[in-house]
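**Student:** Letter by letter, the chains look like this.
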Amino acid sequence: MRVNHVKGFKRRVGQVLGLGASLLAIGLSGCATPPPKSDTADYQAYQQLNDPIEPTNRVFFRVNNTLDKYAMKPVAKGYVAITTQPIRTHVGYFADNINEPARTVNFMLSGLPTDAGTSLMRFLINSTIGIGGIFDPASALGYKETDTDFGLTLAVWGFQSGPYLYLPVFGPSGLRDFWQYPVQWFATPMELAPENAALDDFGYAEGGLRLINTRAAYLDTIDQINATALDPYATFRSLYRQSRDSQLQLIKQNDLHGVNGAPGTPYYAQ
Amino acid sequence: MHFRRFILGAAMAAPILGIMASAAPAQAITATDAQSFINQSGQELVGIVNGNGSAADKATQLRTLVNQIVAVNQVGDYVLGRYINIATPAQHDKFQQLFHQLLSYNITYQIKAYQGISFSVNGAKPQGNGILVDTTINTPGKAPADVGWEVEEIGGKPQITDVIVAGTSMCITTRNDYASVITDNGGNVSALLNAMQNQIQKASDNE
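Those protein sequences? They're chains A and B, same order as listed.
With the first letter of the first sequence counted as 1, position 207 gets the number 207 in this note's numbering; the numbers rise by one all the way through.
Converting from the second sequence to this note's numbering requires adding 1000 to each position, the first position being numbered 1.
Bound-form chain A, shown alone:
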């Protein structure tokens, strides 16, 4: 059993490194042409945009949109048709609770004791009184959610967001934020437990449900952006960056003043 666990871990590390390497290779193959340095305003704007592999990113953007059109969106619409908002809210709570230990670790790594304590309390309360995380009594007790991930931990450490990356399947990201995926993968309780087929299946089911539940929450928003934006790619890039900045601000603010000073309520339960 132990050997299997280690083998599984090694395989996963290999997969993650492989994905990283292929991303880098793809990224290097399609670069945007920067404007001449003599054109100061244009050059500054290009630097500020920090999207050197824009042509490649746009290809993945189109790929993901096609995937979304034929797979994710229809499934999410079907899901909305057979569920009610309260069900979707509780599914959101459940998925959030599973990710809570990873948040605690990230807050500890970030040196944010209040956020880390709140996150730990949330996991303890919601996993027990909240019946395995289906309910969120922790919020009512004053331990409101603050979201984080390893990308934001790196941000707290002082890493800049770096060039923008649009990842296949995962969507908007960046050179710094990319690292949240491998770290998050290893930091869920399912991955930390010994290798077990039932647990693996649970992990896949939970991951799939979380994906659909999140997509369902954004059905109208994404439709609206695609219908009203002149360049949806640039619009999503802008929204992603603003949203990451605001998350980082919220994390720091909540650690300083406590969540009750400025509640970081999740999108589906505000």
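Hints in this document: simulated from the structure, not taken from any laboratory.
The reader is advised that the hints may include incorrect statements.
Stated by the list, open to error - Below, simulated DSS-like cross-link-like pairs (lysine-lysine); rule was C-alpha separation at most 25 Å, straight line:
1. B:Lys1058 / A:Lys73
2. A:Lys73 / B:Lys1142
3. B:Lys1202 / B:Lys1094
4. B:Lys1112 / A:Lys73
5. B:Lys1058 / B:Lys1142
6. A:Lys252 / B:Lys1125
7. B:Lys1112 / A:Lys69
8. B:Lys1142 / A:Lys69
9. A:Lys69 / B:Lys1094
10. A:Lys77 / B:Lys1125
11. B:Lys1125 / B:Lys1157
12. B:Lys1058 / B:Lys1202
13. B:Lys1142 / A:Lys77
Claimed, not checked - To be clear about the criterion: a stretch of chain B counts as covered by chain A if any three or more of its residues have a C-beta under 8 Å from a C-beta of chain A, and this derived list gives those stretches:
14. 1166-1172
15. 1181-1193
All values derive from a computational prediction rather than experimental measurement.
Built from N, CA and C at the ideal position, the CB exists for glycine as well.
Fit chain B to the known structure of chain A by using the hints.
**Tutor:** Leaving out everything else, chain B in the frame of chain A:
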């Protein structure tokens, strides 16, 4: 001695304070005023959306309301950003005209989705040049959404200058969207005007 210094200091500072007071008329709006402005505008908006009129009637009423409560010209200029210096006066006028039209379309696009909408004002705090009013919008069958409204006093009356959802500003997002169209077309403002025109055409075909 201390008192004399204080009096002298106060006498010297008085004119400076006077200048400062007259130089900051943009921040004249108070949090209470901004809050009641958003409350009132919101009630009107909800009244139109949930009213009995036909879809076309509602769209016309919404357009009128939006032009009253949103600082469309100021927002348009912000969205055009640095290209305002590159655009010819004719292009700038055309941009403003198209921007007004697009904003109306984008708002009426959402009428159907907002049936049965209600909202509550949670509070207000100073932000930038104005006041940010925090509201929660409830739509039946959907999760409630937190929306912030930036209000400034423009031309002697309160006006909405930005909408903030989940930490993202609508002005900044649109500015980046439009800038991308211009840079992708060799820095030509005319490309943006064409794209806006096409979008309006698409929207009116769908109506």
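**Student:** For every hint, state whether the structure bears it out.
**Tutor:** Results of checking the hints against the structure:
At most 25 Å may separate the alpha-carbon atoms for a hinted pair to count; Lys1058 of chain B and Lys73 of chain A exceed this at roughly 30 Å. Taking the CA atoms of Lys73 of chain A and Lys1142 of chain B, the gap is about 17 Å. The hint holds against a cut of 25 Å. A threshold of 25 Å between alpha carbons decides the hint, and for Lys1202 of chain B with Lys1094 of chain B the separation of about 18 Å falls inside it, so the pair holds. Restraint check for Lys1112 of chain B and Lys73 of chain A: satisfied, since their Cα atoms lie roughly 20 Å apart, inside the 25 Å limit.
Using a Cα cut-off of 25 Å, the hinted pair Lys1058 of chain B and Lys1142 of chain B holds, with the two alpha carbons roughly 22 Å apart. Annotation: proposed proximity of Lys252 of chain A to Lys1125 of chain B holds, straight-line Cα distance about 19 Å (limit 25 Å). Of the pairs offered as hints, the one joining Lys1112 of chain B and Lys69 of chain A holds, with about 22 Å between alpha carbons and a cut-off of 25 Å not exceeded. Under the criterion of a C-alpha separation no larger than 25 Å, the hint pairing Lys1142 of chain B with Lys69 of chain A is consistent with the structure, at around 22 Å.
As the CA atoms of Lys69 of chain A and Lys1094 of chain B are separated by approximately 35 Å, the hinted pair breaks the 25 Å bound. In summary, the hint linking Lys77 of chain A to Lys1125 of chain B is not supported, as the alpha carbons are separated by about 38 Å, beyond the 25 Å threshold. The straight-line distance between the Cα atoms of Lys1125 of chain B and Lys1157 of chain B is roughly 18 Å, inside the 25 Å bound, and the hint therefore holds. Simply put, Lys1058 of chain B and Lys1202 of chain B have alpha-carbon atoms about 20 Å apart, close enough for the 25 Å limit, and the pair holds.
For the given pair, Lys1142 of chain B sits about 13 Å from Lys77 of chain A by alpha-carbon distance, which is consistent with the 25 Å threshold. Here's how the stretch 1166-1172 of chain B fares: 5 of its residues keep a CB closer than 8 Å to some CB of chain A, so the rule of at least three is met and the hint holds. Coverage of the stretch 1181-1193 of chain B by chain A holds in this model, with 5 residues showing a Cβ closer than 8 Å to a Cβ of that chain against a need of three.
In the structure shown, a violation is registered for the earlier hints numbered 1, 9 and 10, in ascending order.
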